[in-house]
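Asker: If you read the sequence shown in UniProt numbering, its first letter stands for residue 1, the second for the next number, and so on.
Just so you know, not all the hints are guaranteed correct.
Said to hold, decoys possible - With a straight-line Cα cutoff of 27 Å, these simulated BS3-like cross-link-like pairs (lysine-lysine) come out: (1) K156 with K315; (2) K368 with K315; (3) K156 with K368.
Unchecked claim - Quick list of simulated restraints, FRET-style, between CB atoms: (4) E261 with A117: 30 to 36 Å; (5) Q240 with G293: 20 to 26 Å; (6) Q114 with P296: 37 to 43 Å; (7) E261 with N126: 33 to 39 Å; (8) G151 with Y294: 29 to 35 Å.
Source of the hints: derived by calculation from the structure; they are not laboratory data.
Since this is a predicted model, take the numbers as computed values, not measurements.
We put the CB at the ideal spot given by N, CA and C, even for glycine.
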Amino acid sequence: MAASACLQAGEAALSLYLPQSVYEEEQSGWLQELAGWAREQLPFFTFFAGTEEKNVVEDDTTIQAMIEENEKRIAERIQEENSRKAEEESRQPEDVPETETPAEQETAASPELQPVAEIPVENLQNYEYLLNEFFVVDPNTVTDAAQLNAGTFLEKDLTLERDSAQPQILIYHTHSQEGFADSVEGDVNTTVIGVGEHLAQILRDQYGYQVIHNMDSFDLVDGVLDRSKAYDYALPVIQQILEENPSIQVVIDLHRDGVNEDTRLVTDVNGVPTAKVMFFNGLSKTAEDGELGYLPNPYIEDNLAFSFQMEYEAKQYFPDFTRCIYLKGYRYNLHLRPRSVLLEVGAQTNTVEEAMNAMDPFAYILNKVLQGS
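Using the sequences provided together with the hints, build the complete structure.
Answerer: Given below as structure tokens:
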């Protein structure tokens with residue numbers, strides 16, 4: 001009964017979000033399984049079994065039926081959001097005093113903003129609410145109310161004492177070649193690497209953290225794009241960086257998602273067009289095989305709490321900025337630190353500027369979690 005309820009809740013949650021549809025190469029019958037997943041929402045990663053991290057294969061020619069179904073749900077979601085906002089605006093008084101321009105607001109309010117939305121505590125105690133509003137559970141994994149416990153996540157202390165004298169944050173890119181709608185070929189500054197460097201500069205200049213930004217290409221083999229073993233290639237490099245810099249407590253693997261070419265993951269933050277972001281977590285557990293002992297992650301609960309606390313802050317300060325916390329079955333090198341997260345910044349249809357703009361609100365919510373304020 002509980003498993004059935006979980007699956008139903010998961011399906012309800014999946015219909016609210018829009019990660020790119022892909023398929024997994026796991027067993028010989030994956031094509032048959034794919035047909036049953038055509039209505040589901042999957043991120044732009046695929047993985048198949050191995051002795052280490054699951055290998056990643058990205059496919060730009062996903063089934064059109066899946067894409068069309070995603071787009072239908074996207075349109076429905078947007079229509080619902082627009083109707084809700086229109087109704088809220090209609091209830092506001094007509095005589096509204098003149099306010100500062102967005103630029104003035106940003107200068108005056110940053111970095112101390114005021115929350116614009118409230119999340120009732122009682123809602124967080126409802127498992128179905130969490131599935132509908134915070135999480136999307138991939139069909140290849142399973143979870144339950146015991147694992148997705150908002151109280152546990154919010155009680156976990158993920159703060160750190162800021163120390164600009166030593167590195168505390170690491171940013172890297174398993175898929176370094178991911179770009180945007182107007183990326184310039186050969187210019188890494190217009191890819192996720194450039195977005196990562198912009199985030200690093202914000203964290204250094206505005207928040208006082210020392211940041212290491214690794215720009216290695218783990219998905220480029222002999223000059224040819226190959227993402228089949230990018231996570232395997234990245235693992236020893238990231239491990240070495242952490243061994244050499246034990247002061248690092250936050251690890252961010254920054255990506256961008258892949259969606260239908262007609263889809264735009266953009267919102268407005270203080271009058272600025274901003275790419276939406278999505279948090280991504282691995283549970284080291286699949287629906288078919290259960291716990292994956294060969295992919296141990298002692299920090300799963302910490303990883304989930306880290307994503308949840310950031311999502312929780314984002315929903316209060318920038319309500320339309322985040323898409324969801326996407327849960328999938330494998331590990332994705334998130335086992336290296338408790339405060340590890342895979343961050344999806346927009347998609348290939350976003351502009352470089354929109355992706356860059358997303359780093360300001362993300363840095364704000366990250367700092368709020370790390371400083372506990």
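Asker: All hints, please: hold or fail.
Answerer: Hint-by-hint comparison with the structure:
1. K156 with K315: 19 Å, holds
2. K368 with K315: 13 Å, holds
3. K156 with K368: 14 Å, holds
4. E261 with A117: 30 to 36 Å: 31 Å Cβ-Cβ, so the 30 to 36 Å window holds.
5. Q240 with G293: 20 to 26 Å: 25 Å, holds
6. Q114 with P296: 37 to 43 Å: 42 Å, holds
7. E261 with N126: 33 to 39 Å: 37 Å, holds
8. G151 with Y294: 29 to 35 Å: 31 Å, holds
This entry satisfies every hint, going by the numbered hints stated previously.
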